[in-house]
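Number of protein chains: 2
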Amino acid sequence: MSKEITSRAQDYSQWYNDLILKSGLADYSAVRGCMVIKPYGFALWENMRDVLDKMFKDTGHVNAYFPLFVPKSLFEAEEKNAEGFAKECAVVTHYRLKADPNNKGKLIVDPEAKLEEELVVRPTSEAIIWNTYKTWIQSYRDLPILVNQWANVVRWEMRTRLFLRTAEFLWQEGHTAHATAEEAIVETKKMLDVYADFVENWMALPVVKGVKSPNERFAGAEDTYCIEALMQDGKALQAGTSHFLGQNFAKAFDVKFSDKENKLDYVWATSWGVSTRLIGALVMAHSDDNGLVLPPKIAPVQVVIVPIYRGEEQKQVIDAKVQELVKQLKALGITVKYDDSDNARPGWKFAEYELKGVPVRVALGPKDLENNVAEVARRDTKEKSSVSLDGFAQHIQQLLEDIQQNLFNRAKSYRDEHITPANTWDEFVQTLDTKGGFVAAHWDGTPETEEKIKELSKATIRCIPLNNTEEAGACILTGKPSSQRVLFARAY
Amino acid sequence: MSKEITSRAQDYSQWYNDLILKSGLADYSAVRGCMVIKPYGFALWENMRDVLDKMFKDTGHVNAYFPLFVPKSLFEAEEKNAEGFAKECAVVTHYRLKADPNNKGKLIVDPEAKLEEELVVRPTSEAIIWNTYKTWIQSYRDLPILVNQWANVVRWEMRTRLFLRTAEFLWQEGHTAHATAEEAIVETKKMLDVYADFVENWMALPVVKGVKSPNERFAGAEDTYCIEALMQDGKALQAGTSHFLGQNFAKAFDVKFSDKENKLDYVWATSWGVSTRLIGALVMAHSDDNGLVLPPKIAPVQVVIVPIYRGEEQKQVIDAKVQELVKQLKALGITVKYDDSDNARPGWKFAEYELKGVPVRVALGPKDLENNVAEVARRDTKEKSSVSLDGFAQHIQQLLEDIQQNLFNRAKSYRDEHITPANTWDEFVQTLDTKGGFVAAHWDGTPETEEKIKELSKATIRCIPLNNTEEAGACILTGKPSSQRVLFARAY
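Protein sequence lines, in the order shown, are assigned to chains A and B. For the first sequence, counting from 1, position 332 maps to 332 in my numbering; every step adds exactly one. Convert by adding 1000 to the 1-based position in the second sequence; the result is the number in my numbering.
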């Protein structure tokens, strides 16, 4: 195999980068912290996006599109939100370049084209959207507003990683407006459930649903709900968040509505988002030292068929059979690719599709045809078997379902084995250092203690699980009383 | 009707704005020249995008995503392209805001967070993409690259119009790389055909396919092919362009490949795009003084059903029947909305859906039910008819096809009547002033004359039609010899 991949044991972080780059998901770009999503990576994102988009629409949401730029005066209106994002935002200050008089063929910023008011490239769109909702909402009849946007956003992160943390990323952001706090909270939780459903049942990645501690809340939110997943190196990854924004943005942008009794009140808000970061989670959760392992339900190619032949005559016989099989597979809604290109040998192709994480590989040679079978290899376990060509498509369909389920089960076992209770500080630190994963520990509930724990252990509170068990205990650091365990982890 | 629309006769331009705003397609925003695409407008764009996306994939293209920002040094690499867009680009110069020490709660640009190199917000992506292709292309085996991107771009236009010309807009941009000029030219023309197919057969808008004069070429292109449509006020609108870029970008970014004989050569390029501007074209081409008229094949809602009733008992009977009809319509792939909301009277709803351009409106009352009929109104001609509920869905399906065809025929008649030959300067100007539309006239082929004609008449050369008839004549302005007529028009 020409494309060497660092093993996980050797260097997990390099393994991840190798996978992303060599499988063709993404590339570095000439812009600091920004990446190029290559066709294979984008096809994966399209599949994820399409499923999510349908889920949003099925729960009553519609898409819209708001400006990329946020004028500084709007950006600063909701103070906590502004404070949270001001440190890392790209700012447009000019609207023209001009020829450099001292350097032929070069351009300089035209100082005469300075904007009166600077524009922030959206790091998130609450400000621009709530400034718009102000004109859309007068009465309770205008509510709820259930809008989602698919967009690019920019956060000037200092340390970036492909997919996991990039200066520009693609995401969706839902922004809803409601007449009551109760309704907004129901919406917040509903969308958390949609995310959990998607990540578990499509990405085959088990998650813990919970609520963030105040320190980890979205800037401007009253409450941030989240789903947390576990990667193979024992680090946690926040896979999606859903925020109850209270009336914070309504107040900042003066968005009021008259209720049925004609009384004026501020509107209640939620926002929720997932991003291309999910692709990073997918890669880290399932893949192995040979390459990606993609869940069948979102894989761009679910089945690849490779012919094994010598000479054109053999190939024609195989071609004819493959055409039949492809037709049968497609009829079951299976995405299949027949790779009969003659510029690579079968062994090279096998390695290439393993690297790309194609769930099922089928090899078909003259002897197979004689025996009316094909060799079928599943990517998750690497098991090979000889499968009859009678009822072949049905067999593959079942196999894809098995793989999907197996990936979930495997990730769930790993995750379940990596939720470890710790009752003393030593246990806590030792678990983080040797085993990793989530550590369930008592915490005294103060931001100061949380901050201190982070400083000492590099672990943060990932979430307070929903429907958490009440249990009296003592804070892992301060010994102060606590009524429940929360989940700590080192995280991406 | 509460939502008054200016008539076309009174003020065409105001009519257009009224339609966009009051039908709920889009809104102005707080950002100069940027608009908000509202849910109804975005649903229309989604339908258009999905059809185009399928057409691109059916012709072998894949999607990818490249950074929003172009470093200034890359932006200036292809000189003509840079010169063309430098005048109107948004420039990011800083990556942080900080608290204003003199103004509590306000933010200022942090002077210490100045970028070493300014970033241009992409007005088009040739530069960033060809800089990337450099690393993707070594040999002829890596070609062709057939990539498309759906993205937002920014051009700092001084005079903006909703959809037609906005500072930020959504579009797709195809960027392909080829081993030969011939292949690239075939691709350029193929994508022009895809655009013409889409605009004519989905948007019901006839176009003239042609090639631009040098003055109107895309900055950095060797040849710009275009499709030109005609609006109801006699002005032309460029609906899509496909560029043969020669080796200009390959040379600017040093992208070479080794051919089968191992000889190095620069790669050949095309790019092609259509944008949300198409929505403006759609509105201007088909709509009337009562509102939008949307072609059924891309309308977000194809059929709306409005119940006419008094009291809950009557409504229940209608509801039951409508459920049946909705099921039958959906089975034929028809998008149908049952508007049984009780907060508006039928007359108000009729006007509202007329405004929104829903192709077919069905009204159903107790008397209709007794007679086993429904009242069906088509939006394009406003004709009403009583239609039997037996075979109802099939009737509607046929009606939608008729409407689609009628819109195209109507626009085509108008367009054909508005291609007027002119043989003298007076004729030329008079046609533009009184009749509008395309004027077919001789031109001496020089940029200077084209520029002068534009100055004197405000008309530009829209295109030199493909497969144009050769005809000896004299330039409309200079009297110099010419071998063919070209199409002039005043344009959006």
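Simulated from the structure, these hints should not be mistaken for laboratory data. Keep in mind the model is a prediction, meaning the values are calculated, not measured. Cβ coordinates follow ideal geometry from the N, Cα and C atoms, glycine included. One or more hints might be untrue.
Stated by the list, open to error - Reference listing, derived: stretches of chain B covered by chain A, where coverage requires no fewer than 3 residues with Cβ under 8 Å from a Cβ of chain A:
1. 1028–1036
2. 1070–1078
3. 1091–1101
4. 1108–1120
5. 1124–1133
6. 1150–1162
Unchecked claim - So these bits of chain B aren't anywhere near chain A, every CB distance computed over 10 Å:
7. Val1062
8. Asn1063
9. Asp1426
Said to hold, decoys possible - FRET-style restraints, in silico, Cβ to Cβ:
10. B/Asn1290 <-> A/Ser139: 25 to 33 Å
11. B/Asp1254 <-> A/Asp426: 23 to 31 Å
12. B/Asp1254 <-> A/Met158: 30 to 38 Å
Each hint tested on the structure:
1. 1028–1036: holds (count 6)
2. 1070–1078: holds (count 6)
3. 1091–1101: This one holds; 9 residues, not fewer than the three required, reach chain A with a Cβ under 8 Å.
4. 1108–1120: holds (count 4)
5. 1124–1133: With 3 residues close enough to chain A, the hint holds.
6. 1150–1162: n = 4 at 8 Å, threshold three: holds.
7. Val1062: 4 Å, violated
8. Asn1063: Per Cβ check, B/Asn1063 is inside 10 Å of chain A; nearest 5 Å; violated.
9. Asp1426: At roughly 40 Å from the nearest Cβ of chain A, B/Asp1426 sits farther out than 10 Å, so the non-interface label holds.
10. B/Asn1290 <-> A/Ser139: 25 to 33 Å: 26 Å, holds
11. B/Asp1254 <-> A/Asp426: 23 to 31 Å: 59 Å, violated
12. B/Asp1254 <-> A/Met158: 30 to 38 Å: 31 Å, holds
Violated hints, listed in ascending order, are 7, 8, 11; each of the other numbered hints is respected by the structure.
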